[in-house]
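Taking this note's numbering, the leading residue of the sequence shown gets 229, the next gets one more, and so forth.
Errors might be hidden in some of the hints.
To be verified - As a list, the in silico DSS-like pairs of lysine-lysine whose alpha-carbon atoms are at most 27 Å apart:
(1) Lys247 <-> Lys337
(2) Lys331 <-> Lys247
(3) Lys331 <-> Lys246
(4) Lys246 <-> Lys326
(5) Lys337 <-> Lys246
(6) Lys247 <-> Lys326
Stated by the list, open to error - If you anchor each label on the Cβ, the simulated ranges turn out as follows:
(7) Ile269 <-> Phe319: 14 to 22 Å
(8) Ala392 <-> Pro267: 35 to 43 Å
(9) Gln266 <-> Glu289: 34 to 42 Å
(10) Ser297 <-> Asn274: 31 to 39 Å
(11) Cys339 <-> Ala271: 50 to 58 Å
(12) Ile356 <-> Glu252: 34 to 42 Å
(13) Gln266 <-> Pro348: 30 to 38 Å
(14) Lys326 <-> Leu358: 43 to 51 Å
(15) Lys326 <-> Tyr293: 44 to 52 Å
(16) Gln402 <-> Gly288: 16 to 24 Å
(17) Lys326 <-> Ile356: 49 to 57 Å
(18) Ile359 <-> Phe319: 53 to 61 Å
(19) Asn323 <-> Ala280: 31 to 39 Å
(20) Leu347 <-> Ala280: 40 to 48 Å
It is worth saying that the hints were derived from the structure and are not from the lab. These numbers come from a predicted model, not from an experiment. From the three backbone atoms N, C-alpha and C, an ideal C-beta is built for every residue, glycine too.
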Amino acid sequence: GPMAANISFAQPLSVFWKKGTEAEILLGTVAMDAIQTQPNIGAQFNVSGHFAIADSQSMGEFAAYLINSDEFMWDIVSQGGVNVDAIGYVFTGINMTKSGTLKGAQGFKDCVAIHSFDLPANDPAGGIQLIAQTEIRNPSQVGFVLSGAAFESFFDNTLLGPLASAGNAVFPAQGTSNM
Numbered sequence: 229g230p231m232a233a234n235i236s237f238a239q240p241l242s243v244f245w246k247k248g249t250e251a252e253i254l255l256g257t258v259a260m261d262a263i264q265t266q267p268n269i270g271a272q273f274n275v276s277g278h279f280a281i282a283d284s285q286s287m288g289e290f291a292a293y294l295i296n297s298d299e300f301m302w303d304i305v306s307q308g309g310v311n312v313d314a315i316g317y318v319f320t321g322i323n324m325t326k327s328g329t330l331k332g333a334q335g336f337k338d339c340v341a342i343h344s345f346d347l348p349a350n351d352p353a354g355g356i357q358l359i360a361q362t363e364i365r366n367p368s369q370v371g372f373v374l375s376g377a378a379f380e381s382f383f384d385n386t387l388l389g390p391l392a393s394a395g396n397a398v399f400p401a402q403g404t405s406n407m
């Protein structure tokens with residue numbers, strides 16, 4: 229709008245996943261710091277917050293969808309928890325729903341680069357041991373941490389074998405992860 233404002237959140241915001249044509253699924257809640265808006269400009273913000281998962285099964289289903297899809301939709305909702313301080317007045321108890329379409333990780337298609345690999349020895353279980361240094365780009369605006377990541381590696385449509393991270397796999401939002 230045409231005036232500066234301070235928008236604060238008296239309670240955590242609820243985050244819902246719009247799963248296709250099905251009902252929205254509550255993923256969890258997140259506390260958010262106040263936002264300062266500028267006259268005729270609005271606000272751009274990049275905030276971090278503690279996300280409390282509502283249901284681990286639903287979150288797992290969403291995570292799989294996020295990783296394997298081109299995009300996803302979610303709503304951020306507050307029922308009476310938004311306060312706005314503008315032009316000398318404080319407006320409290322405002323309802324808010326913000327919908328957004330965000331990029332998914334697209335199954336990491338065309339996002340994996342192998343910088344080096346070594347075949348140091350025979351694998352005791354059979355085959356050849358393969359050690360690779362890879363970089364994986366996350367095209368999504370949502371970052372995530374997995375307890376590990378595993379992929380099938382191919383060269384010219386020939387399966388070379390499985391590759392797996394050594395430990396956690398951290399995928400920053402629109403960033404890269406070296407494994």
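How the hints compare with the structure:
Taken as a hint, the Lys247 and Lys337 pair is honoured in the structure, with Cα atoms around 22 Å apart against an allowance of 27 Å. Annotation: proposed proximity of Lys331 to Lys247 holds, straight-line Cα distance about 14 Å (limit 27 Å). Of the pairs offered as hints, the one joining Lys331 and Lys246 holds, with about 14 Å between alpha carbons and a cut-off of 27 Å not exceeded. The straight-line distance between the Cα atoms of Lys246 and Lys326 is roughly 12 Å, inside the 27 Å bound, and the hint therefore holds.
Between Lys337 and Lys246 the alpha-carbon distance is near 23 Å, which keeps this suggested pair within the 27 Å criterion. A C-alpha spacing of about 16 Å is found between Lys247 and Lys326, which places the hinted pair at or below 27 Å, so the restraint holds. For the pair Ile269 and Phe319, the supplied restraint of 14 to 22 Å holds, since their beta-carbon distance comes to about 20 Å. At roughly 52 Å, the beta carbons of Ala392 and Pro267 sit outside the given window of 35 to 43 Å.
For the hinted restraint 34 to 42 Å between Gln266 and Glu289, the CB-CB distance of approximately 39 Å keeps it satisfied. Between Ser297 and Asn274 the beta carbon distance is about 23 Å. The supplied range of 31 to 39 Å is therefore violated. Distance hint check for Cys339 and Ala271: the Cβ-Cβ separation is about 31 Å, which falls outside the suggested range of 50 to 58 Å. A C-beta distance of roughly 48 Å is found between Ile356 and Glu252, which places it outside the suggested range of 34 to 42 Å.
Take Gln266 and Pro348: their Cβ atoms lie about 57 Å apart, and the range 30 to 38 Å is violated. A hinted range of 43 to 51 Å for the beta carbons of Lys326 and Leu358 is consistent with their spacing of about 45 Å. A hinted range of 44 to 52 Å is violated for the C-beta pair Lys326 and Tyr293, which are about 20 Å apart. Evaluation of the 16 to 24 Å hint for Gln402 and Gly288 yields a pass: the beta carbon distance comes to about 23 Å.
The supplied range of 49 to 57 Å is met by Lys326 and Ile356, whose beta-carbon atoms lie about 51 Å from each other. At about 59 Å, the beta-carbon gap between Ile359 and Phe319 stays in the expected band of 53 to 61 Å. Here the CB-CB span from Asn323 to Ala280 is close to 21 Å, at odds with the stated 31 to 39 Å. For Leu347 and Ala280, the Cβ-Cβ distance of about 45 Å falls inside the hinted range of 40 to 48 Å, so the restraint holds.
Violated hints for the displayed structure, listed by number in ascending order: 8, 10, 11, 12, 13, 15 and 19.
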